[in-house]
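Residue numbers (my numbering), protein chains in the order written: chain D, 1 to 285; chain F, 1 to 285; chain R, 1 to 285; chain W, 1 to 285.
Keep in mind that the hints were calculated from the coordinates and are not lab data.
You may find that some hints are simply not true.
A pair counts as met if it fits within one copy or between any two copies, since identical chains are not told apart.
[Said to hold, decoys possible] Straight-line C-alpha distance at most 27 Å; calculated BS3-like pairs for lysine-lysine:
1. Lys28 / Lys16
2. Lys253 / Lys212
3. Lys280 / Lys203
4. Lys253 / Lys186
5. Lys183 / Lys130
6. Lys149 / Lys253
7. Lys16 / Lys272
8. Lys149 / Lys64
9. Lys280 / Lys155
10. Lys155 / Lys186
11. Lys90 / Lys212
12. Lys138 / Lys110
13. Lys110 / Lys87
14. Lys273 / Lys16
15. Lys253 / Lys87
16. Lys138 / Lys186
17. Lys110 / Lys130
18. Lys90 / Lys28
Number of protein chains: 4
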Amino acid sequence: MKVSNAILLISCPDQKGITAFVTNFVYKYNGNIVHADQHIDDQSNTFFMRLEWELKGFTINKEKISDEFQSIACQFSMDWNLSFSDKLQKIVLFVSRHMHCLDDLMLRYKAGHLPCEISLIISNHSDARKQADEAGIKFYEIPINPANKEGQEHKEIEILKGENIDLIVLARYHQIFTENFVKTFKNQIINIHHSFLPAFVGKSPYAQAYQKGVKIIGATSHYVTEELDQGPIIEQDIVRISHRDSLDDLIRKGEDLEKVVLSRALRWALQKKILCYGNKTVIFD
Amino acid sequence: MKVSNAILLISCPDQKGITAFVTNFVYKYNGNIVHADQHIDDQSNTFFMRLEWELKGFTINKEKISDEFQSIACQFSMDWNLSFSDKLQKIVLFVSRHMHCLDDLMLRYKAGHLPCEISLIISNHSDARKQADEAGIKFYEIPINPANKEGQEHKEIEILKGENIDLIVLARYHQIFTENFVKTFKNQIINIHHSFLPAFVGKSPYAQAYQKGVKIIGATSHYVTEELDQGPIIEQDIVRISHRDSLDDLIRKGEDLEKVVLSRALRWALQKKILCYGNKTVIFD
Amino acid sequence: MKVSNAILLISCPDQKGITAFVTNFVYKYNGNIVHADQHIDDQSNTFFMRLEWELKGFTINKEKISDEFQSIACQFSMDWNLSFSDKLQKIVLFVSRHMHCLDDLMLRYKAGHLPCEISLIISNHSDARKQADEAGIKFYEIPINPANKEGQEHKEIEILKGENIDLIVLARYHQIFTENFVKTFKNQIINIHHSFLPAFVGKSPYAQAYQKGVKIIGATSHYVTEELDQGPIIEQDIVRISHRDSLDDLIRKGEDLEKVVLSRALRWALQKKILCYGNKTVIFD
Amino acid sequence: MKVSNAILLISCPDQKGITAFVTNFVYKYNGNIVHADQHIDDQSNTFFMRLEWELKGFTINKEKISDEFQSIACQFSMDWNLSFSDKLQKIVLFVSRHMHCLDDLMLRYKAGHLPCEISLIISNHSDARKQADEAGIKFYEIPINPANKEGQEHKEIEILKGENIDLIVLARYHQIFTENFVKTFKNQIINIHHSFLPAFVGKSPYAQAYQKGVKIIGATSHYVTEELDQGPIIEQDIVRISHRDSLDDLIRKGEDLEKVVLSRALRWALQKKILCYGNKTVIFD
Numbered sequence: 001m002k003v004s005n006a007i008l009l010i011s012c013p014d015q016k017g018i019t020a021f022v023t024n025f026v027y028k029y030n031g032n033i034v035h036a037d038q039h040i041d042d043q044s045n046t047f048f049m050r051l052e053w054e055l056k057g058f059t060i061n062k063e064k065i066s067d068e069f070q071s072i073a074c075q076f077s078m079d080w081n082l083s084f085s086d087k088l089q090k091i092v093l094f095v096s097r098h099m100h101c102l103d104d105l106m107l108r109y110k111a112g113h114l115p116c117e118i119s120l121i122i123s124n125h126s127d128a129r130k131q132a133d134e135a136g137i138k139f140y141e142i143p144i145n146p147a148n149k150e151g152q153e154h155k156e157i158e159i160l161k162g163e164n165i166d167l168i169v170l171a172r173y174h175q176i177f178t179e180n181f182v183k184t185f186k187n188q189i190i191n192i193h194h195s196f197l198p199a200f201v202g203k204s205p206y207a208q209a210y211q212k213g214v215k216i217i218g219a220t221s222h223y224v225t226e227e228l229d230q231g232p233i234i235e236q237d238i239v240r241i242s243h244r245d246s247l248d249d250l251i252r253k254g255e256d257l258e259k260v261v262l263s264r265a266l267r268w269a270l271q272k273k274i275l276c277y278g279n280k281t282v283i284f285d
Numbered sequence: 001m002k003v004s005n006a007i008l009l010i011s012c013p014d015q016k017g018i019t020a021f022v023t024n025f026v027y028k029y030n031g032n033i034v035h036a037d038q039h040i041d042d043q044s045n046t047f048f049m050r051l052e053w054e055l056k057g058f059t060i061n062k063e064k065i066s067d068e069f070q071s072i073a074c075q076f077s078m079d080w081n082l083s084f085s086d087k088l089q090k091i092v093l094f095v096s097r098h099m100h101c102l103d104d105l106m107l108r109y110k111a112g113h114l115p116c117e118i119s120l121i122i123s124n125h126s127d128a129r130k131q132a133d134e135a136g137i138k139f140y141e142i143p144i145n146p147a148n149k150e151g152q153e154h155k156e157i158e159i160l161k162g163e164n165i166d167l168i169v170l171a172r173y174h175q176i177f178t179e180n181f182v183k184t185f186k187n188q189i190i191n192i193h194h195s196f197l198p199a200f201v202g203k204s205p206y207a208q209a210y211q212k213g214v215k216i217i218g219a220t221s222h223y224v225t226e227e228l229d230q231g232p233i234i235e236q237d238i239v240r241i242s243h244r245d246s247l248d249d250l251i252r253k254g255e256d257l258e259k260v261v262l263s264r265a266l267r268w269a270l271q272k273k274i275l276c277y278g279n280k281t282v283i284f285d
Numbered sequence: 001m002k003v004s005n006a007i008l009l010i011s012c013p014d015q016k017g018i019t020a021f022v023t024n025f026v027y028k029y030n031g032n033i034v035h036a037d038q039h040i041d042d043q044s045n046t047f048f049m050r051l052e053w054e055l056k057g058f059t060i061n062k063e064k065i066s067d068e069f070q071s072i073a074c075q076f077s078m079d080w081n082l083s084f085s086d087k088l089q090k091i092v093l094f095v096s097r098h099m100h101c102l103d104d105l106m107l108r109y110k111a112g113h114l115p116c117e118i119s120l121i122i123s124n125h126s127d128a129r130k131q132a133d134e135a136g137i138k139f140y141e142i143p144i145n146p147a148n149k150e151g152q153e154h155k156e157i158e159i160l161k162g163e164n165i166d167l168i169v170l171a172r173y174h175q176i177f178t179e180n181f182v183k184t185f186k187n188q189i190i191n192i193h194h195s196f197l198p199a200f201v202g203k204s205p206y207a208q209a210y211q212k213g214v215k216i217i218g219a220t221s222h223y224v225t226e227e228l229d230q231g232p233i234i235e236q237d238i239v240r241i242s243h244r245d246s247l248d249d250l251i252r253k254g255e256d257l258e259k260v261v262l263s264r265a266l267r268w269a270l271q272k273k274i275l276c277y278g279n280k281t282v283i284f285d
Numbered sequence: 001m002k003v004s005n006a007i008l009l010i011s012c013p014d015q016k017g018i019t020a021f022v023t024n025f026v027y028k029y030n031g032n033i034v035h036a037d038q039h040i041d042d043q044s045n046t047f048f049m050r051l052e053w054e055l056k057g058f059t060i061n062k063e064k065i066s067d068e069f070q071s072i073a074c075q076f077s078m079d080w081n082l083s084f085s086d087k088l089q090k091i092v093l094f095v096s097r098h099m100h101c102l103d104d105l106m107l108r109y110k111a112g113h114l115p116c117e118i119s120l121i122i123s124n125h126s127d128a129r130k131q132a133d134e135a136g137i138k139f140y141e142i143p144i145n146p147a148n149k150e151g152q153e154h155k156e157i158e159i160l161k162g163e164n165i166d167l168i169v170l171a172r173y174h175q176i177f178t179e180n181f182v183k184t185f186k187n188q189i190i191n192i193h194h195s196f197l198p199a200f201v202g203k204s205p206y207a208q209a210y211q212k213g214v215k216i217i218g219a220t221s222h223y224v225t226e227e228l229d230q231g232p233i234i235e236q237d238i239v240r241i242s243h244r245d246s247l248d249d250l251i252r253k254g255e256d257l258e259k260v261v262l263s264r265a266l267r268w269a270l271q272k273k274i275l276c277y278g279n280k281t282v283i284f285d
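Just chain D, with the same shape it has in the complex:
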């Protein structure tokens, strides 16, 4: 049986001794570090760290680690998060009518490349019901219009809270959440935007790109914040195009980007490899 690892994510004001204290903590209790990475942001003088160690042989009980670590955390004024590799995150997929990202994620899920539990699929349309049914995943069709949006989001929040959802993945979900919804799930909503942000914010980015005559198109996965398409960027990728490519070609080529970029971002989130600071991310890949 694969033994669980502990994963510690830390951010705090930089000062001397942080790494020494944290790695001593693990060593003192006989932990074997399998991954350690850190970063210092010079502008804000902030220290970031991801530490992963094996629990096999670790002399503190899983349940007590947080308590024991508390004093170090206090000493350095840390924002910190402790998780365990055997505790799968529960996620929900939101989708509208473009199924390529959902289909792609389902294939990766089945192949074991996404260490999580897809608890449910929510859509403002019915198209994805088939995929949900085939995979044995609960499906909610929750139509949205300007008049009912607030109420429907209320319902969604209740469902997500009821299911203890850790992460919300917008796999081409074409509704804009209210500020209330976004705030309820701060740093928990991952979106795929089909452009190379910050270029081509909002609707029809491929049509915008086509009109503009760019020679490269992109896709961007980011956390959702109150401001549309402006949240911390997790991952981006691009593909070259030419004057020979029609708008349909852009869309088709872009879909391949969207799938890969979203799946990379999601995988990092599931592996607890992302730290947000300000409007940026540190990716401990």
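Use these hints to put chains F, R and W onto chain D, whose structure you have.
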């Protein structure tokens, strides 16, 4: 001796028979086509073509080709341009204080990769005088400030006209030309902008990119139009960055992009491989 | 209803007048060219062309075009192929036990991005039966071992002939065909090899790449010839890796490449955009 | 004045406590860590680390740090190297007749992007003398032929030893060193090979790539070992090509790759960001 080729660039409303008439013209007078490429823009129903044939054995005199072709051009309402591969274009390089693009272009020029004549270098500073002197190229230092800009541009226009300049290359020239200057040299000014346009228009694009937290930076070469950084895009390229990269790293990595992207765009322009339409380009590479 | 286009692929010794004669032929019978591209290989002095025109209004009957074109073809000693955009090619997918390419192709097929008819799926294992059944595609399980290979291939050839298969796609099929099989379907078999060919030929290319310590891995789609992994390359793509990537990471990242590269190559083949010459390809994209 | 940093590179069998002991060492003597990165190779169970800390305020004298660290190094059986950011490495550039990499490195050197001292330039031809003279760098022309190679290398070794050269950079040097030379400078010779290794080893890789019909070409920077073009790879990059590209185009496009790839590899070496293990590298970028 390498024999000259004729290069014909055409754009016109699409209709049946264009290619047949044009290629018949070349065949009739015993021309050997070495490159032919065409494109049809469906949105505007516009036909574009680049045709290159050897003049060796062609039975019309170089000087008479335009006259002979005129009737076909009229029949199809063509915008067209005939040039010859042995007639080097005369270009001017504008630069301010960042020398990397200028240095790079000079190396390519010496290596024979830029089929042109660099007639002069103009700068609003004195830094590039050394490079110009070493290469035996005329150098004009023309300082610009808000008060003298119009007058100085007048002077520049006179110089450029006097030298019969075909192409103006802005190798990191940090002054914005007036509308008058831009209109005087429509589709003759090539700029390198150090961002992935349309993202990060204007000043300090690397600082903007750093602040935004993008995972990829880019560079864009484009024709200069009246609207800042909005002209037809010729070429773009990108490089991945991460949270580990400081602003200095972005600048350093970006410089490598700028050099390559500008040199590709310039080379295409010198080889008459670019056609502008609306705010886009066709690149017959 | 979308009207059919005629697509003409030509290769022949280069000489004056080819383009003129061919485009005149289309013009004479009132055809409207929608795509034309040509290439001359200087080393072998070979001319290549792809010409696509609308049959709407074309004054030769579809069935008679070949006859009428014959004299031009003879005049220039052409290898040529005429096809029609409304005549879908019939293809077979071969797969072994890695399903990611097959799954990916099936999704693209359903999305309408692969203009063909997938007539059957053949495997030396039973794993793909489920996918075939769900899609309503005939499935043959044909196990292969050194002793039965010749006989089984005989059976496969009969099936493929019986179904009038135009194109054979090896979507991670891990058997090496005999020379007889390959010769029977010259330039009709497309393979995806999970390396950046010519590096890492043969078995376990990811393990080879991992052992070698390369910083970039790739995938290659190519036509199958008698020599293993040495046929004309259609498309390649790459992704960066680092020392942090395990062999499993290479495999996972590589799968994304394989899917995209194979689907691009297949799409070009279906659109008749590929010409083979010697051991190379011209891609009229 | 910029204060110096200490840089510690470590590799040793992995076991518990390494990071704790090492970071404690720095903390105990009041060092401020500005960069820390580590990696564990699962296959060989080897631990790798790069640690950089400010010497400002560090309570051990620069000269004594090694002595003090010795006991930890012994305890964990470390291979280790301590260097200081203000101690510039002395490098030599070897070049033959293609000047693009040399020219490029000289520009980066002048721009301050290569923190080193270029002590001399050695060539088997005279072409680079001009560049050396202009930059005020010593130049040795040391012609090589099969008969004199051993003797000339002897001379080279003497010169390099005499100048206390830390790093040998082969900027397109087209001679193969003897085993003796390579062994004398183990892990000190960086080469740029103009192909995507391991494809196209040895002579004329662009011609090989052209003949093969690849759709992507590459460049590789690697440490030189006894086996030709087989040493640990430091960096690779690629560019797309098509059937339209002639061999000259491949060479020209490839040169841009070579310059960028070599300069990246060299910069990492100068910043002590590379660790070799077996035939691979860890890059702590």
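Structure-based check of all given hints:
no., hint, verdict
1, Lys28 / Lys16, "both (20 Å within a copy, 10 Å between copies)"
2, Lys253 / Lys212, "both (17 Å within a copy, 25 Å between copies)"
3, Lys280 / Lys203, "both (23 Å within a copy, 21 Å between copies)"
4, Lys253 / Lys186, "neither (31 Å within a copy, 30 Å between copies)"
5, Lys183 / Lys130, "neither (31 Å within a copy, 43 Å between copies)"
6, Lys149 / Lys253, "neither (32 Å within a copy, 39 Å between copies)"
7, Lys16 / Lys272, "both (25 Å within a copy, 23 Å between copies)"
8, Lys149 / Lys64, "neither (43 Å within a copy, 61 Å between copies)"
9, Lys280 / Lys155, "neither (31 Å within a copy, 47 Å between copies)"
10, Lys155 / Lys186, "within (18 Å within a copy, 58 Å between copies)"
11, Lys90 / Lys212, "neither (40 Å within a copy, 30 Å between copies)"
12, Lys138 / Lys110, "both (16 Å within a copy, 24 Å between copies)"
13, Lys110 / Lys87, "within (18 Å within a copy, 36 Å between copies)"
14, Lys273 / Lys16, "both (24 Å within a copy, 22 Å between copies)"
15, Lys253 / Lys87, "between (36 Å within a copy, 24 Å between copies)"
16, Lys138 / Lys186, "within (24 Å within a copy, 49 Å between copies)"
17, Lys110 / Lys130, "both (16 Å within a copy, 14 Å between copies)"
18, Lys90 / Lys28, "neither (33 Å within a copy, 43 Å between copies)"
In this structure, the earlier hints numbered 4, 5, 6, 8, 9, 11 and 18 are contradicted, and the remaining ones agree with it.
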